[in-house]
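J.: Now for the letters of each chain:
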Amino acid sequence: MKPLNYKKQLLIILLSIFTLSCEEMVELDPPSNQLIREEVFNNEATVKSAMTGIYNELFQLDFSNGYRSSVTTLAGLSADNISNISTTNLSRMEFEQNEVNPDNPDNLNIWSSAYNMIYITNSFLEGINNSQVLDQDFKKQMDGQARFVRAFTYFYLVNLYGDVPLILSTDYRENQLAFRTPKNEIYDQILLDLQQAEEELSSDYVTGERTQVNRFTVKALMARFYLYTENWSKAEELSGHLIAENGTYKLQDDLNEVFLANSKEAIWQISPIGGNGISTQTNEGNFFIIDPIFSFFAAIRLQEDFVEQFDTEDLRLLNWIGYNESKNAHFIYKYKIWNSTEYPIREYSMVLRLAEQYLIRSEARAMQNNIAGAISDLDIIRQRAGLNLLADLNPTIEQAELLNEIFLQRRKELFAEWGHRWLDLKRSDRTSEALEDENPYWEDTDLLYPIPETERIKNPNLTQNEGY
Amino acid sequence: MKNFYKRGMLIIMFLLAMALLVMLAMGQAKAATPYSPTLFYQQPITGAITNTNGKSLPGVTVLIKNKQYGTNTDLSGNYSINANSQDTLVVTSIGYKDQEIGINGRSIINVILKEDIASLNEVEINAGYYTTTQRERTGNISRVTAEEIENQPVVSPIQALQGRMAGVEIISGGANPGMASTIRIRGTNSLRKDGNYPLYIIDGVPISSEPVASNSLLSTSGIDPLNNLNPANIESIEVLKDADATAIYGSRGSNGVVLITTKSGFQYGTGLEARVYTGVSKVPGRMDLLNTEEYLQVRREAFQNDEVEPDVNNAYDLVLWNQERYTDWQEYLFGGNSEVTNVNLSFSGGNESTSFRLGGTYFTQGTVYPGDYDYRKGTGNMALNHLSKDNKFQLNLKLNYGTDRNNLVGNGNLDPSIILLPPNAPSIFNEETALNWEEWGEAGLTNPFEGFYNTTNTQTKNLTSNVLLSYEIFPGLKLKSSLGYTDYQSDELWRLPARSYNPSNNPVNNSFHLTTGRRSWIIEPQLTYNKGFNKFQTEFLLGGTLQRNKSTLSSFQGSGYASEALIGNLSSAESILNAKSSETKYKYAAIFSRIGLNWDKKYFLNFTARRDGSSRFGPNNRFANFGAVGAAWIISEEEFLKSNLSFLSFAKLRGSYGSTGNDQIGDYGYLDSYQATRGINGLYPTSLANPDYSWEVNRKLEAALQLGFLNDRINLGLSWYRNRSSNQLVGYSLPYITGFTSVQANLPATVENQGLEIELATLNLDKKNFSWRSNLNITIPKNELISYPDLEQSSYSNTYRVGYPLNIGLLYKYEGLDPETGLYTVKDINNDGKLDFEDRVIIKDLNRQFFGGISNNLNYRNFNLQFLFQFVKQEGIQTNFQAGINKNVLSSVLDNDRYQRYSASFLGGTAYRNVLESSFPYQDASFLRLKTLSLSYDLSSKMLDRMNLRKVQLFLHGQNLWTITPYTGLDPELATSDLSVGNLRSITAGLQFNL
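Chain order of the listed sequences is E and S.
FYI, in the working numbering the residues of the first sequence are 331 to 798.
FYI, in the working numbering the residues of the second sequence are 2 to 996.
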């Protein structure tokens with residue numbers, strides 16, 4: 331028996347060595363160009379890089395980059411300020427004609443890039459909240475910024491598509507068959523994120539760059555949020571906070587300086603530093619300006635009847651609107667730099683600025699029948715535009731008329747910025763009135779963009795919006 | 002002209018070099034004498050051995066009957082042996098009938114051997130870790146040999162296999178040299194597009210079959226990793242298909258295995274072979290498009306129909322552009338001729354213990370596109386075999402090195418849709434031979450040749466090497482070790498000079514650099530033991546594999562070069578941008594074994610098994626087992642058949658069942674990780690992670706019958722297979738709301754590939770001076786998604802249907818033209834007023850219904866004619882019928898009431914897009930194609946003797962000469978897209994000589 335036992339033992343030893351080494355034979359370290367998520371969130375430096383990653387990606391992702399498939403361009407086309415120069419780009423024509431098909435590629439770009447940003451922020455939030463080693467104060471600063479970006483992204487999703495799936499985790503198993511969440515629940519979540527961010531964040535721009543989100547950035551979006559949800563007193567209160575912070579935020583007297591990097595008027599900007607590293611101009615500058623010599627690339631023009639709305643002495647007409655002879659077209663000239671490789675970067679893409687806060691407060695006051703207060707806020711904007719003050723012209727203006735004037739000023743002040751006009755028309759029920767005449771295809775169901783077709787193929791639980 | 006001159010010079014240089022080598026080698030050739038055994042008391046007998054067509058046969062065994070010694074013929078087919086005048090010579094050679102010849106006092110005996118199809122069944126077949134024969138194999142292995150490959154003017158040897166093997170579907174990657182073909186062995190097993198590559202093994206060393214990344218025009222298909230192999234240096238290619246043959250490759254055998262064996266040295270003297278061919282290729286087909294007059298007429302009618310006034314923005318072609326101008330954009334884009342030249346040289350020699358082979362080739366091919374671009378490759382190879390005196394120790398060394406350089410226009414815009422430009426579109430270049438921006442710009446368009454001056458230069462280098470050491474410890478027991486090393490590198494420089502781009506954008510000179518590396522080593526120790534007990538023969542194999550792969554990819558951009566000439570010189574770039582690099586490692590370990598049993602060469606059993614570990618899976622799922630059993634019964638060896646059915650010369654029943662796997666899923670997919678953003682100093686997640694996915698398992702079943710009739714003049718093989726691939730490992734498609742479009746995961750789905758393969762080989766005529774052989778193969782495949790629990794709830798609910806193939810179109814029902822609007826209508830099945838997937842009720846099978854090839858080989862005296870017809874039954878798509886918009890269309894739309902009225906309107910466009918998603922654009926795209934035609938003439942032995950040469954052959958070769966098809970797109974082989982061209986028509990002529 332004994333020899334057999336030895337043999338058996340030997341066999342067992344040999345086998346176990348083989349099994350052990352087998353495990354090792356196929357074990358690998360992570361590749362050099364990837365960092366495991368857990369490790370990213372174990373160290374302040376890499377967490378900061380991940381936050382920078384979020385800001386960088388806002389300049390890359392379609393919905394927020396100010397380029398061809400951005401909210402600025404596409405929602406702009408849906409409204410009545412801008413239009414396509416050539417009719418050959420069918421996808422953009424669908425936006426202009428308010429006939430967006432469910433298979434429209436630009437529509438898919440908005441949707442997919444916004445949800446990619448939702449994932450990135452969710453991943454970031456999970457990362458810092460699961461981390462055991464990060465300092466609490468540091469965590470709060472990071473948490474607040476990411477929550478703001480998530481709320482900001484949902485704000486556009488819900489305004490463009492209505493009910494959308496509310497995704498708050500990175501677990502694809504759970505999320506892939508998500509149903510659409512009612513609009514008011516999305517709004518609840520946006521408010522929750524904003525309130526928490528407001529609590530957590532400090533009031534200054536730590537890096538000195540207005541590309542970083544701070545407490546006032548959050549308040550600015552909250553002011554807009556309350557305006558859209560018709561909580562007038564809250565809207566007045568929060569915009570008031572920004573207006574009162576006049577050490578940090580001031581309207582630029584010179585309209586040509588509004589869109590400069592870190593301009594006094596900026597509350598939040600996106601820097602082209604998130605781009606490819608070569609070009610340092612904003613996408614808005616590159617896409618909207620019609621260069622006098624090379625006009626044939628031009629894609630977007632201002633609608634003539636919009637340009638005609640401006641008084642001839644309106645400084646915004648003189649400074650923010652250009653004209654190209656060969657195309658016989660007016661173009662958006664808020665950003666001045668069409669092409670640049672210069673550092674430091676001169677212009678940043680504007681997301682939130684103080685002028686909007688004046689207009690928010692004016693509207694909120696008007697809705698609360700504080701006509702004088704509304705006029706004084708509106709006149710700040712009119713004054714900078716070189717217009718006579720409403721307080722002088724018509725201090726006893728009726729509320730309805732005043733609101734019309736506020737919406738007109740919003741249109742003239744905020745054109746070609748983040749789809750303001752489209753969202754303003756929608757929330758004030760002015761859409762049909764504004765679009766019916768010029769657009770034979772107009773239907774009320776065009777207020778919401780369709781849920782992209784491929785998305786519905788992959789997630790059968792997603793219902794389509796009415797009319798598609 | 003410049004090219005021609007270069008080519009001429011090259012051939013002259015080559016011929017000079019040849020002449021020199023000839024003189025050197027002559028001495029050698031004469032000095033070499035065949036091996037002869039110890040002398041006894043005999044006289045020398047000499048002679049030449051030829052086949053019925055007078056071709057010298059080297060390497061034929063000449064034995065003295067009942068004695069223990071013999072010899073082989075040398076490279077000229079001559080032998081010399083010492084024998085007693087009463088002895089009998091036994092002359093044997095594989096593929097020929099044995100002959101016994103009494104010496105009867107003669108001293109010169111010339112022998113003519115007759116071909117023997119039956120003995121072809123004895124040819125050794127490479128099964129990877131072991132060898133078998135056609136007669137005795139238990140698995141399904143197809144084989145193609147040098148003869149069928151070497152004359153084809155193709156870049157990658159894979160292209161030479163088209164139509165030659167049952168069950169093997171090869172689809173060309175495109176018209177540019179070097180593009181990777183798609184190869185599918187017994188259908189699509191994996192739902193994942195990248196999960197269907199077979200395993201490539203060159204001389205025992207696995208290499209990645211995944212196409213190599215490129216930024217160039219090759220990017221659509223990728224670069225074929227076999228480009229650097231010299232097709233003329235391939236001895237044979239075996240394709241392993243069923244479980245019995247592939248299970249020993251375990252987790253990598255699911256999609257079949259392609260074994261490539263390169264040539265070894267001769268054992269019987271020294272010889273030199275040179276072959277040169279040259280010729281031209283062009284795009285064979287054209288689409289029948291409108292001319293200017295017809296086009297403009299259609300456009301004008303479209304605007305009338307739409308009641309829209311043409312203006313500069315919507316009708317620049319009518320309002321702005323010259324109404325007379327005509328450009329045939331097809332001719333303009335791909336009307337050119339591509340020249341091809343190949344020079345091949347090899348030198349081989351040896352004796353019974355040591356042999357070697359050295360070879361090299363130079364190949365160049367142009368492109369059919371405008372501009373001066375070409376592909377060049379040079380390869381070198383070496384083989385060395387040594388067998389020790391006691392026959393115990395054996396060494397086989399194979400080295401293959403290849404380098405190629407592909408210069409192409411670096412313009413991704415150069416896509417085939419250029420041929421649909423309006424025929425009166427402005428010229429591409431202005432008088433100063435710069436790109437014409439102004440005239441295109443007036444219409445709001447970019448010059449479609451934007452980027453024309455961009456170039457890509459892709460250079461790849463590939464070394465594949467293998468040493469096989471083997472030692473016989475005692476008779477029957479061998480210890481072997483196979484050591485392999487491969488090193489592949491691809492360097493690509495993409496130059497983008499500013500003048501390629503519209504000056505309005507202030508373009509700067511740019512360069513993109515892409516470097517890909519794939520390095521691997523493998524060690525495979527093996528122990529084999531063969532033992533016979535009377536009629537019972539056993540073969541055992543036990544082995545292990547240890548493999549490491551490292552793939553690297555780095556890319557960056559150089560920008561702002563001061564001048565065009567400096568592009569690519571990084572020190573003169575203003576900035577280096579977008580630098581990216583990745584390094585992935587793959588570790589793999591396995592043990593495998595085989596037991597082969599047979600009783601009396603009549604009953605065969607073959608067991609194979611493998612335990613695999615792969616680093617591609619998460620820590621909990623790294624190991625798995627695979628195995629198969631195969632059996633064969635040679636019925637014709639049974640007495641009852643032998644005596645009763647004499648016309649039946651051979652009959653074998655064969656079957657196998659087993660499992661293989663698939664680990665082609667990319668590396669590190671289980672890690673939840675962050676990478677650097679494109680913008681500065683950021684990190685972000687780039688994919689979803691799933692730590693738990695595991696192997697895809699493919700269970701294969703096969704039953705087959707092999708029959709030989711009339712002394713094996715007719716051989717018929719029938720194989721039925723059923724492969725079920727389950728636990729589908731895919732980039733599981735997800736909606737964007739999850740953040741990304743896919744994640745790696747196992748799907749609870751089963752894909753079945755079932756099919757019938759018919760192979761028929763016949764010797765139609767076998768007369769003196771004339772023989773004719775034919776081979777036919779047909780594959781009737783069937784692909785089906787047989788189960789998918791909860792498909793409706795999954796992300797694939799609108800992509801797949803249970804009970805149908807994977808490759809289907811879900812289509813609307815076409816309802817004809819709307820009588821009021823004249824536009825296409827498709828049916829809104831559920832009447833909900835909108836068209837969506839609920840209305841796509843037509844399920845269209847987009848697979849090939851059957852495919853195959855018929856090859857013929859005719860010999861008449863010194864002439865040899867070979868030709869191969871390839872045939873495919875399938876449907877394809879034709880989409881160029883949207884008449885009225887600013888694109889050219891098929892001329893068949895003119896006044897044809899099958900199509901909607903001409904319209905440039907939005908509604909017309911919507912109707913067109915809807916009808917594209919119906920069965921309307923589908924048409925029969927079956928084709929019969931004369932794939933290869935090869936005619937050769939060998940100089941007669943008499944003349945050869947006078948010239949002191951062993952062989953001189955002149956040959957003419959044609960590729961894709963003729964195609965019949967009802968398909969109206971450019972190439973029926975790529976009928977899923979009407980604008981794709983995959984096959985050039987080539988004619989080459991060449992010369993081969995051996996000394």
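Possibly wrong hints are sitting among the right ones.
[What the hints assert, rightly or not] If you want the ones that stay clear, here's a sample from chain S, every Cβ over 10 Å from chain E, calculated:
no., residue
1, Tyr-130
2, Arg-377
3, Lys-479
4, Leu-578
5, Ser-615
6, Pro-620
7, Glu-638
8, Thr-739
9, Leu-945
[Unchecked claim] Sample of chain S residues at the chain E side, in silico, Cβ under 7 Å:
no., residue
10, Ser-505
11, Ser-560
12, Ala-563
13, Ser-564
14, Leu-567
15, Leu-571
16, Lys-588
17, Gln-676
18, Gly-680
19, Pro-686
20, Gly-740
[To be verified] Chain S stretches covered by chain E per the calculated footprint, using a threshold of three residues with CB under 8 Å from any CB of chain E:
no., stretch
21, 709-719
22, 789-801
Derived from the structure by calculation, the hints contain no laboratory data.
Predicted model only: the values in this text are computed from it and were never measured.
We put the CB at the ideal spot given by N, CA and C, even for glycine.
J.: Each hint: holds or not?
T.: Hint-by-hint comparison with the structure:
Distance check for Tyr-130(S) against chain E: the nearest CB is about 20 Å away, which clears 10 Å, and the non-interface claim stands. Once the 10 Å rule is applied to beta carbons, Arg-377(S) is consistent with being away from chain E; the minimum gap is 33 Å. Every C-beta of chain E lies more than 10 Å from that of Lys-479(S), the closest at about 22 Å, which supports listing it as non-interface. Not every C-beta of chain E lies more than 10 Å from that of Leu-578(S), the closest at about 5 Å, which undercuts listing it as non-interface.
Here Ser-615(S) does not stay apart from chain E, with its beta-carbon only about 6 Å from theirs, under the 10 Å limit. With a least CB separation of 8 Å from chain E, Pro-620(S) falls inside the 10 Å interface cut-off, contrary to its annotation. Separation of Glu-638(S) from chain E is adequate, the least Cβ-Cβ distance of about 41 Å exceeding the 10 Å criterion. Non-interface status of Thr-739(S) relative to chain E is broken: a Cβ of that chain comes within 10 Å, the nearest being about 4 Å off.
Even its closest Cβ contact with chain E, about 56 Å, leaves Leu-945(S) beyond 10 Å, as expected for a residue assigned away from the interface. Hint on Ser-505(S) holds. Least Cβ distance to chain E is approximately 2 Å, under the 7 Å limit. Among the interface hints, the one on Ser-560(S) holds; its C-beta lies about 5 Å from the nearest C-beta in chain E, closer than the 7 Å criterion. Proximity of Ala-563(S) to chain E is violated relative to the hint, the smallest CB-CB distance being about 14 Å (cut-off 7 Å).
Proximity of Ser-564(S) to chain E is violated relative to the hint, the smallest CB-CB distance being about 17 Å (cut-off 7 Å). Because the closest C-beta pair between Leu-567(S) and chain E is about 17 Å apart, greater than 7 Å, the hint is violated. Because the closest C-beta pair between Leu-571(S) and chain E is about 15 Å apart, greater than 7 Å, the hint is violated. Checking Lys-588(S) against chain E by beta carbon gives a least distance of about 5 Å; that is within 7 Å, so the hint holds.
Taking 7 Å as the C-beta cut-off, the interface hint given for Gln-676(S) holds, the closest approach to chain E being about 6 Å. Satisfaction of the interface hint for Gly-680(S) is found here, the shortest Cβ-Cβ separation to chain E being roughly 3 Å, below the 7 Å cut-off. Interface restraint check for Pro-686(S): the shortest CB-CB distance to chain E comes to about 5 Å, inside 7 Å, so the restraint holds. The beta carbon of Gly-740(S) is positioned within 7 Å of a beta carbon in chain E (closest approach about 2 Å), and the interface hint is therefore held.
Coverage of the stretch 709-719 of chain S by chain E is violated in this model, with 0 residues showing a Cβ closer than 8 Å to a Cβ of that chain against a need of three. Counting residues of the stretch 789-801 of chain S whose beta carbon lies closer than 8 Å to any beta carbon of chain E gives 7, which meets the minimum of three for the stated coverage.
Checked against the numbered hints given earlier, this structure breaks hints 4, 5, 6, 8, 12, 13, 14, 15 and 21; the rest are met.
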